[in-house]
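Quick mapping for you: the protein sequence lines, in order, are chains A and B.
Converting from the first sequence to the working numbering requires adding 84 to each position, the first position being numbered 1.
Converting from the second sequence to the working numbering requires adding 84 to each position, the first position being numbered 1.
These are calculated hints, taken from the structure and not from any lab test.
Treat the hints with care, as some may be off.
Identical copies go unnamed one by one, so any copy, or any two together, can satisfy a pair.
[To be verified] The calculated SDA-like cross-link candidates involving lysine to any residue, where the alpha carbons are at most 25 Å apart (straight line), are:
no.: 1; residue 1: K202; residue 2: P116
no.: 2; residue 1: K182; residue 2: P209
no.: 3; residue 1: K184; residue 2: Q356
no.: 4; residue 1: K202; residue 2: G93
no.: 5; residue 1: K175; residue 2: G272
no.: 6; residue 1: K182; residue 2: H292
no.: 7; residue 1: K306; residue 2: S157
no.: 8; residue 1: K175; residue 2: P156
no.: 9; residue 1: K202; residue 2: P114
no.: 10; residue 1: K182; residue 2: S332
no.: 11; residue 1: K335; residue 2: N146
There are 2 protein chains.
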Amino acid sequence: MARTLGFLGPSGTYTEEACLLYDPSAELRPYPTITAVGQAVVAGELEEGVVPIENSLEGSVNFTLDLLISQPSLFIKGEVVVPIEHYLMAKPGTDPAKIKVVYSHPQALAQCREYLEKNFPQAEPMASLSTVLAVSDAIASPVPAAAIAPRRASELNDVDVLDRGIQDVAANVTRFAVLSLSDHAPTGRDKTSMAFTFDVDTPGLLYHALGEFAERGINLFKVESRPTKQSLGQYIFLVDCAGHREESPMKDALAALSQPISMLRILGSYPQWTPTGSPTGSPKP
Amino acid sequence: MARTLGFLGPSGTYTEEACLLYDPSAELRPYPTITAVGQAVVAGELEEGVVPIENSLEGSVNFTLDLLISQPSLFIKGEVVVPIEHYLMAKPGTDPAKIKVVYSHPQALAQCREYLEKNFPQAEPMASLSTVLAVSDAIASPVPAAAIAPRRASELNDVDVLDRGIQDVAANVTRFAVLSLSDHAPTGRDKTSMAFTFDVDTPGLLYHALGEFAERGINLFKVESRPTKQSLGQYIFLVDCAGHREESPMKDALAALSQPISMLRILGSYPQWTPTGSPTGSPKP
C-alpha cells in the first residue's frame with residue numbers, strides 16, 4: 085500500500101515536487117501550513133510529511149525549525165534537495181509582447197527582478213499569496229498577464245510556458261525535510277540534525293561542543309545560531325553532522341555533548357540526499 | 085550638517101524606523117532595493133545606508149550578505165535592532181466588523197494568521213508587494229479593507245489604527261546594518277562581523293577557526309553556515325564576535341585565523357546596539 089505523505093500545499097508547489105522526488109508512488113495530501121503538516125503526523129493521520137527546511141523561497145524555514153523544536157515527538161526521517169527553477173507561464177495564446185502584469189509571490193518577483201526589467205519592461209509586478217495562486221491570478225486577469233511559478237504548476241494548469249530558469253541568480257536549491265514519528269535506520273551514508281542551547285553565555289561553549297565532533301573526525305555540514313524568542317542575546321544552535329546517532333563515532337560525540345548543554349534535541353538521523361541514489365535509503369542488514 | 089542616510093524604502097518600512105532610531109537628524113533617502121543602497125554608498129552618493137541583515141520579515145537578509153561579500157569596499161559601521169510589531173490599520177471610519185479583505189506582504193499575513201482567523205474570520209487575506217503598499221491597497225479597496233503594516237506607515241498615511249502587536253508570536257526583532265565605506269572606530273563595546281570559507285572540506289576546520297576566538301575568551305554572538313552558490317556542499321561561514329578588529333584579543337585572533345582559510349572578509353567592527361545607549365557610540369579618545 086502506498087504511504088500517505090502530507091505536504092505544504094497547494095498542489096503545484098516546490099514541496100510537491102520534493103514529494104514526487106522522494107516517493108513517486110506515495111498518496112499525497114496537501115495541508116495549508118507547515119504546522120498543520122506536523123500536527124497531522126503527530127496525530128497519526130499521516131505516516132510522513134514533507135516541509136521546506138532550508139533556503140526556501142517562501143520564508144517558511146523558521147516555522148519548520150520551530151515546529152521541530154516544539155514537538156518532541158517529531159523527527160526528521162529524510163531530506164530532499166530540489167533545484168528551484170522559476171517558470172514564466174500564461175493563459176494559452178497570450179502574446180508575450182502584450183503582457184501588462186506579472187503575478188507571483190513577492191519573493192519570487194524579487195528573485196526575477198532583473199529578468200522582468202529586461203524582458204518585460206512594460207509589465208507591472210503584482211503580488212500573489214503564493215507562486216501557485218499566481219497562476220490562477222494570471223488566468224483570471226482581465227488584462228494580458230503572466231505568472232512566475234514552479235514547473236509543476238504548468239503541468240497542473242492549462243497554460244503556455246513562456247520561459248524557464250528566469251531567476252536572476254541561476255543556482256538556487258531548497259532542502260526539504262521528511263517528518264515522521266521516528267527517524268531512519270542507519271544506511272551507512274547518514275546525517276544527524278540537532279538543536280541545543282546553553283544555560284550560560286560563556287565564551288567557547290559552542291567551540292567546545294563542536295570539538296566533540298571535530299575530535300572524532302565527524303564532518304560538520306551546517307551550523308546556525310538563531311536567537312531564541314525570549315531575548316536577542318540567547319541563541320539556539322542548529323547543527324547537521326555526518327553520521328547516524330546509533331553508530332560510532334556520532335553516538336559517542338552525542339553522549340559527550342550533554343555536559344555543558346541545557347537542552348539537546350536530536351531532530352533525527354537520516355540518509356543524505358543524493359539526486360541519483362535511492363532517496364529513502366535501505367536499512368543496513 | 086545632517087548626514088545622508090539611504091535606506092531600503094519606501095517610507096514607512098521597518099528600515100525607516102531603524103534609521104530614525106539610529107540618527108533622528110539624518111537626511112533620509114529611500115532606495116528601491118538593498119543592492120541600490122549598497123551601490124549608492126560605494127558611489128559616494130550617500131555617507132551611510134541602512135538595510136536589514138537578520139531575521140527580517142522581508143526575506144532580504146541574503147541580499148545584504150551577498151552584497152557585503154561581493155562589494156569589498158562596503159563595511160558594517162553600525163547595527164540597529166528594531167522590535168517588529170505589526171499594526172492593523174484602515175481608512176478612517178472603517179467598521180472593523182465589516183472588513184472583508186486584509187492586505188499585506190504574504191509573510192506578514194502568515195505571521196498574523198491565527199490573529200486574523202480569530203478576530204476577522206470573515207476577512208480574506210490578500211497579497212501586497214510590501215507591508216507599506218498594503219496600506220495604499222487597503223485605502224484603494226472598493227470593499228471595506230484593512231492592512232497589516234508597521235507603526236510608521238500609520239503616521240505617514242491618513243488611517244485609523246485598529247489594533248497593534250497582532251503577530252502570533254509576540255517577540256520578534258530585526259537587526260539592521262549601517263553600511264559605509266569604512267567601519268567604526270573602537271568604542272570599548274564593539275563587535276566584529278566576518279565571513280570566511282575553506283579551500284577543502286576537512287572535518288574540524290570550522291572548529292579550529294572558532295578555537296582562535298574561544299582560546300582568547302572572545303564571545304561568539306552568531307555563527308551561520310550558508311551554502312555558496314557554486315554547490316550545496318560548500319559553505320561560507322558568517323561569524324559575529326565581541327571586540328574590535330584593531331584591538332587585542334580580536335586583532336590576534338584574526339591574524340591567527342588566516343592559516344587554513346581560503347577567503348576571509350572582515351565585514352566591519354562597530355558598536356553593539358543598546359536600545360538605551362548612544363546608537364552610534366563615541367570613538368575612544
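message: I want to check one pair: K335 and N146. Are their C-alpha atoms no more than 25 Å apart within a copy, between two copies, both, or neither?
response: neither (27 Å within a copy, 34 Å between copies)
task: Check K175 against P156 for me: Cα-Cα at most 25 Å, and say if that holds within a copy, between copies, both or neither.
output: neither (46 Å within a copy, 45 Å between copies)
Copy assignment of K182 with H292, given that the CA separation must stay at most 25 Å: For K182 and H292, neither the intra-copy (61 Å) nor the inter-copy (58 Å) Cα distance is at most 25 Å.
message: Within, between, both or neither: how does the pair K306, S157 come out at a Cα-Cα threshold of 25 Å?
response: within (23 Å within a copy, 28 Å between copies)
- prompt: Between the shortest in-copy and the shortest cross-copy C-alpha distance, which are at most 25 Å for K202 and G93: within, between, both, or neither?
  reply: The answer is between: 22 Å across copies meets 25 Å, while 32 Å in one copy does not.
- prompt: Under a CA distance limit of 25 Å, which applies to K182 and S332: within one copy, between copies, both, or neither?
  reply: Neither: 62 Å inside a copy, 62 Å across copies.
- request: First find the shortest C-alpha distance between K175 and G272 inside one copy, then the shortest across copies, and answer within, between, both or neither for a cut-off of 25 Å.
  value: Neither. Shortest intra-copy (48 Å) and inter-copy (61 Å) distances fail the 25 Å Cα cut-off.
query: Taking 25 Å as the upper bound on the Cα-Cα distance, should K184 and Q356 be classified as within, between, both, or neither?
result: Neither: 44 Å inside a chain and 47 Å across chains, both beyond 25 Å.
Status of P114 relative to K202 across identical chains (alpha carbons, at most 25 Å): between (36 Å within a copy, 23 Å between copies)
query: Within a copy, between copies, both or neither: where do K182 and P209 come within 25 Å Cα-Cα?
result: within (14 Å within a copy, 29 Å between copies)
task: Give the relationship of K202 and P116 under a CA distance limit of 25 Å: within one copy only, between copies only, both, or neither.
output: between (35 Å within a copy, 17 Å between copies)
The structure is inconsistent with the numbered hints 3, 5, 6, 8, 10, 11, although it conforms to all the rest.
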